[in-house]
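These protein sequences, in sequence, are chains A and B. Under numbering that gives the first Met the number 0, the first residue of the first sequence is numbered 0, with each subsequent residue one higher. Under numbering that gives the first Met the number 0, the first residue of the second sequence is numbered 0, with each subsequent residue one higher.
Hints are not guaranteed to be accurate.
Here are the computed lysine-lysine pairs in the DSSO-like style, where the Cα-Cα straight-line distance is at most 27 Å [unchecked claim]:
id	chain 1	residue 1	chain 2	residue 2
1	B	Lys32	B	Lys12
2	B	Lys42	B	Lys69
3	B	Lys32	A	Lys32
4	A	Lys32	B	Lys53
5	A	Lys53	B	Lys53
6	B	Lys69	B	Lys53
7	B	Lys32	B	Lys69
8	B	Lys147	A	Lys184
In case anyone wonders, no lab produced these hints; they're calculated from the structure.
Below are the chains, spelled out letter by letter.
Number of protein chains: 2
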Amino acid sequence: MPRRRDPARTRRKLLAAGYREFYRHGFQGGSLKRIVESAGITKGALFHHFAGKKELGYAVLEEFLYPAVKSWWVEPLAASDDPVPVMQSIFGRFRKLLDQEKAEEGYLFNGCPICNYAAEMAPLDDGFRERLDRLYTAWRRAISTALKRGQDAGRVRADIRPADEAAFLVAAFAGTAATGKVTRKAASFHGALRAIDRHLEGLRA
Amino acid sequence: MPRRRDPARTRRKLLAAGYREFYRHGFQGGSLKRIVESAGITKGALFHHFAGKKELGYAVLEEFLYPAVKSWWVEPLAASDDPVPVMQSIFGRFRKLLDQEKAEEGYLFNGCPICNYAAEMAPLDDGFRERLDRLYTAWRRAISTALKRGQDAGRVRADIRPADEAAFLVAAFAGTAATGKVTRKAASFHGALRAIDRHLEGLRA
DNA sequence: CTTGCAACCGACCGCCGGGTATGTAACCCT
DNA sequence: AGGGTTACATACCCGGCGGTCGGTTGCAAG
Numbered sequence: 000m001p002r003r004r005d006p007a008r009t010r011r012k013l014l015a016a017g018y019r020e021f022y023r024h025g026f027q028g029g030s031l032k033r034i035v036e037s038a039g040i041t042k043g044a045l046f047h048h049f050a051g052k053k054e055l056g057y058a059v060l061e062e063f064l065y066p067a068v069k070s071w072w073v074e075p076l077a078a079s080d081d082p083v084p085v086m087q088s089i090f091g092r093f094r095k096l097l098d099q100e101k102a103e104e105g106y107l108f109n110g111c112p113i114c115n116y117a118a119e120m121a122p123l124d125d126g127f128r129e130r131l132d133r134l135y136t137a138w139r140r141a142i143s144t145a146l147k148r149g150q151d152a153g154r155v156r157a158d159i160r161p162a163d164e165a166a167f168l169v170a171a172f173a174g175t176a177a178t179g180k181v182t183r184k185a186a187s188f189h190g191a192l193r194a195i196d197r198h199l200e201g202l203r204a
Numbered sequence: 000m001p002r003r004r005d006p007a008r009t010r011r012k013l014l015a016a017g018y019r020e021f022y023r024h025g026f027q028g029g030s031l032k033r034i035v036e037s038a039g040i041t042k043g044a045l046f047h048h049f050a051g052k053k054e055l056g057y058a059v060l061e062e063f064l065y066p067a068v069k070s071w072w073v074e075p076l077a078a079s080d081d082p083v084p085v086m087q088s089i090f091g092r093f094r095k096l097l098d099q100e101k102a103e104e105g106y107l108f109n110g111c112p113i114c115n116y117a118a119e120m121a122p123l124d125d126g127f128r129e130r131l132d133r134l135y136t137a138w139r140r141a142i143s144t145a146l147k148r149g150q151d152a153g154r155v156r157a158d159i160r161p162a163d164e165a166a167f168l169v170a171a172f173a174g175t176a177a178t179g180k181v182t183r184k185a186a187s188f189h190g191a192l193r194a195i196d197r198h199l200e201g202l203r204a
């Protein structure tokens with residue numbers, strides 16, 4: 000069999016398999032054996048591309064989840080001075096995603112991958128904690144600066160504190176996913192999302 | 000050394016040690032060896048009182064965390080037909096607790112123990128998921144029925160959906176703890192709590 | 001006082017985890 | 001063409017894990 004080489008592709012497969020494995024089983028519970036099997040490669044390749052399990056975990060965070068937050072939240076918000084409808088549409092997109100996803104692979108089953116990482120690893124490893132902090136900070140900053148711009152443009156209530164609201168919204172999102180996966184009923188998930196929507200509505204000037 | 004026996008006490012110590020260990024290291028990452036050492040007893044005793052690691056985890060959930068939710072949320076809310084100030088005072092008590100706690104043992108460091116369990120174990124084990132579901136359901140029900148009573152008493156806005164708000168508030172609480180432990184700065188934590196408070200204020204009739 | 005059992009002890013076990021050492025084949029450069 | 005390096009594959013290692021098991025001892029009932 001004429002083996003072809005494509006290190007970049009191998010690395011991507013590893014990253015994707017690692018993402019799935021850690022998403023489902025947690026970082027500590029995630030097994031490198033399962034990761035390499037699911038990626039269709041071997042341990043040798045894994046340890047060639049990553050120094051160890053932790054580094055793979057870090058890479059998933061930086062090269063998978065960070066960009067996801069950027070494209071879902073940071074970029075849409077950066078382009079607008081009317082953040083409320085933008086955020087509503089983000090939550091809306093997310094709602095649609097919920098109904099499409101296959102049973103055992105999505106948010107309804109596994110929650111928010113970022114929040115999962117945070118819940119498990121933040122107290123245990125500073126490498127994870129710092130990377131998560133950077134991610135959440137960027138996320139909150141995107142919201143809070145957009146809210147500030149919205150205030151300046153007269154589209155967002157002046158009497159709210161953008162930083163507080165940002166922290167709150169990110170937390171609400173994380174918590175919704177975390178509690179939703181327990182129930183596994185889309186109804187409860189959607190209920191919390193409706194309340195978030197109502198809250199967002201209340202931010203309008 | 001004249002060993003004294005006190006099975007109930009032994010069981011309690013085991014439960015407490017298990018709680019701490021799983022809180023800090025997660026369930027999968029938690030070590031029975033450490034639990035036994037920290038409780039000052041032996042593996043024999045542990046396996047005498049509990050069938051295995053999972054059963055200890057279940058017991059922590061049912062005998063430690065469930066009662067905590069009851070005394071923090073369910074009972075105070077059951078006694079009132081004006082839930083908004085009650086919930087504000089609960090969050091207030093929680094804020095105070097935040098400032099008192101020792102660095103590596105509290106919410107600011109380890110987040111919400113229930114949410115940690117949920118994030119890690121809900122997708123992995125139905126025993127955990129069902130118990131967590133019961134817990135969260137009781138929590139949400141306490142809030143939602145109190146809100147309903149508040150609406151009937153004319154103290155809570157009639158145009159909100161109690162069930163949605165309950166799901167949302169529980170989620171916000173969980174998420175606040177989960178994201179707060181990443182930053183480890185009380186300021187960010189308090190910011191989110193202020194926003195929650197503002198949201199609660201908005202529920203008044 | 002004895003008997004019986006619940007409570008507990010601690011050495012031991014098998015397994016599976018992350019990690020490594022060594023080999024080999026594809027690819028690149030000159 | 002061929003040497004060097006990168007990209008893998010495979011077999012192996014060791015530690016720690018959850019769990020077991022025979023033994024001992026406090027303690028209450030008869």
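To see whether the hints hold, each was checked on the structure:
1. B:Lys32 <-> B:Lys12: 14 Å, holds
2. B:Lys42 <-> B:Lys69: With a Cα-Cα distance of about 31 Å, the restraint between B:Lys42 and B:Lys69 is violated, given a limit of 27 Å.
3. B:Lys32 <-> A:Lys32: Given that 27 Å is the threshold and the Cα spacing comes to 25 Å, the pair holds.
4. A:Lys32 <-> B:Lys53: The hint holds at about 23 Å.
5. A:Lys53 <-> B:Lys53: Holds, because 26 Å separates the two Cα atoms, which is no more than 27 Å.
6. B:Lys69 <-> B:Lys53: OK: B:Lys69 and B:Lys53 at ~23 Å, within 27 Å.
7. B:Lys32 <-> B:Lys69: 31 Å, violated
8. B:Lys147 <-> A:Lys184: The given pair, whose Cα atoms are some 22 Å apart, holds under the 27 Å limit.
Of the numbered hints given earlier, the model fails hints 2, 7; all others are met.
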